[in-house]
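Undergrad: Given the coordinates of chain A, work out where chain B with the ligands should sit on it, guided by the hints.
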Amino acid sequence: MLRVIELLGRYIMSFAEELGRILFLLYSTLKQMVLLPFEIRNTFKQMLEVGIRSLPVVLITAIFTGMVFALQTFTGFKRFGAEALVGTVVALSMTRELGPVLTGLIVAGRAGAAMAAELGTMRVTEQIDALETLATNPIKYLIVPRFVAGIFMLPALTIVADIIGIIGGYLITVGLFEVSSTLYWKRTWDYLEVSDIYNGLVKSGFFGASIAIISCYKGFYTSGGAEGVGKATTGAVVLSSMTILVSDYFLSAWLFK
Amino acid sequence: MIEIINLHKSFGKKHVLRGVNLKVERGESMVVIGGSGSGKSVLIKHIIGILKPDEGKVLIDGIDIATLKENELYEVRKKFGMLFQMSALFDSLSVWENVGFALMRHKKMNEKEVRPLAIEKLKLVGLVGVEDLMPSELSGGMKKRVGLARAIAHEPEILLYDEPTTGIDPILADAINELIIEMKQHLSVTSIAITHDMNSAYKIADRIAMLYEGSIIETGTPDEIKNTQNPVVKQFITGSASGPIKIEGVHYERTLNRT
Ligand SMILES: Nc1ncnc2c1ncn2[C@@H]1O[C@H](COP(=O)(O)OP(=O)(O)O)[C@@H](O)[C@H]1O
Ligand SMILES: [Mg+2]
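Going line by line, the protein sequences match chains A and B.
The first sequence begins at 329 in my numbering and counts up by one.
The second sequence begins at 71 in my numbering and counts up by one.
Only chain A is shown next, with the shape it has when bound in the complex (with noise of 0.2 angstroms):
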């Protein structure tokens, strides 16, 4: 028993003192993002990286997330003759859910993971000490370009989630099921408020930068050569998943009262 408590204590400290050093990196990144000048040619790299990367993904992802939901949905809503709200459904869920959280596991996934790996080389292959020898402050040239891409393009990829996943129900409903595709639009638009696609990239905005701030953080800080890069890559990618689904539970709570 006593074993156990202290177990679970040291695992309680473990977890505090990397949330302390993940806070710690986000303070630096933060400081290093507003200082002069600017890493212009990085950060465009690293957002299109993130954007072209993962949209492959996404954009499957989304049609057949739209497409099932409306299957569902209207198999399910039939029972109670409210097979006219599927598309009120499918962009809901869409807008408020499932397209900034699917895309936030895709992204994590996916350019997380790509983020630690390389992060994770530079600093066994000691290229990150080479950047500081080099005079170059390696968060201002690294994670300041990997976070702001995270911020802005997880929002964008979020946006083409949820019209290509509303897209996808459309297709189910109207092309499947016959539904009428004025009503369809109808009943999408008359219940979808822009508050809802708002809510849902502010969502995305702060996975965007947990992503990125969690996956730099353990590629930056990775140790033991190739096997460290192989860990710091799947720790990245665990937990950015966890925070985003934790944190949405939250967010979600706040943003739509």
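Not one of these hints is a red herring.
Here are the simulated lysine-lysine pairs, DSBU-like style, with alpha carbons at most 35 angstroms apart:
1. K84/B <-> K559/A
2. K83/B <-> K359/A
3. K468/A <-> K84/B
4. K468/A <-> K178/B
5. K213/B <-> K373/A
6. K149/B <-> K468/A
7. K373/A <-> K149/B
8. K93/B <-> K468/A
9. K373/A <-> K193/B
10. K296/B <-> K254/B
11. K182/B <-> K373/A
12. K559/A <-> K316/B
13. K468/A <-> K127/B
14. K178/B <-> K359/A
15. K359/A <-> K149/B
16. K468/A <-> K148/B
17. K373/A <-> K122/B
18. K122/B <-> K359/A
19. K373/A <-> K178/B
20. K273/B <-> K213/B
21. K148/B <-> K359/A
22. K177/B <-> K373/A
23. K468/A <-> K254/B
24. K122/B <-> K468/A
25. K148/B <-> K254/B
26. K468/A <-> K182/B
27. K177/B <-> K359/A
28. K559/A <-> K122/B
29. K139/B <-> K468/A
30. K127/B <-> K359/A
31. K254/B <-> K93/B
32. K148/B <-> K273/B
33. K177/B <-> K468/A
34. K193/B <-> K468/A
35. K559/A <-> K139/B
36. K182/B <-> K359/A
37. K83/B <-> K559/A
38. K139/B <-> K359/A
FYI, nobody ran anything at the bench for these hints, they're computed from the structure.
These numbers were taken from a predicted model, which means no experiment stands behind them.
TA: Same frame as chain A, now just chain B with the ligands:
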């Protein structure tokens, strides 16, 4: 001038540096020798402020670099050039972008101005026509040369070499030695090289210092080191397995092999 005073550094329970004292005069070429894992890289990283001392000081031209603010430290670092053990080239940048990195960032020069300068530095280390390759396309020896070109591109006053000749063939190693000597003669830089390659040490050093069990146990000119009476230094420079230096983990293996 570089002065290291009573430098201590631990990683966890491992007390790597235990009071290192070393003085390198302006224009001098100092070589620090020592076994693998003796803390040579840790020492050199303290000189350029990548690692912070637990205790003791590193003075660069009389300034304790641990007391500097971040931007002041970066200013001091512009005086330095460093060649890393595994070259540490930026693998997302081409060869010439690697070489011109400091010029592009600190001298406010654009790509058109930097490229010819980078090509010139590459020529200095004996590389022609590689400027547009990526580091992954180079052999180990070429990477070292590119690393050297990058280290000298911004015309530093102090050059640090972390095992410049380790892991490359003897002929190439000698070519690197020649390059280091040329750097010293032409650019009149102060340099610190760390190595366990004694041929290289004798060739490039004005003075040699030996790092053993966390401190400098002997310092002298190459001739003085060759004629040392210190049994530890003697064993190291002759590369003998028997002597006062213990080789971790090897003892059991050897007794086993004997039976
Ligand atoms: N960042 C670090 N974290 C933990 N241990 C380290 C670190 N850097 C070096 N060490 C340890 O310090 C010792 C000396 O390393 P190093 O200076 O690289 O040796 P070498 O003389 O071969 O260059 C090694 O035992 C190494 O494990
Ligand atoms: Mg070393």
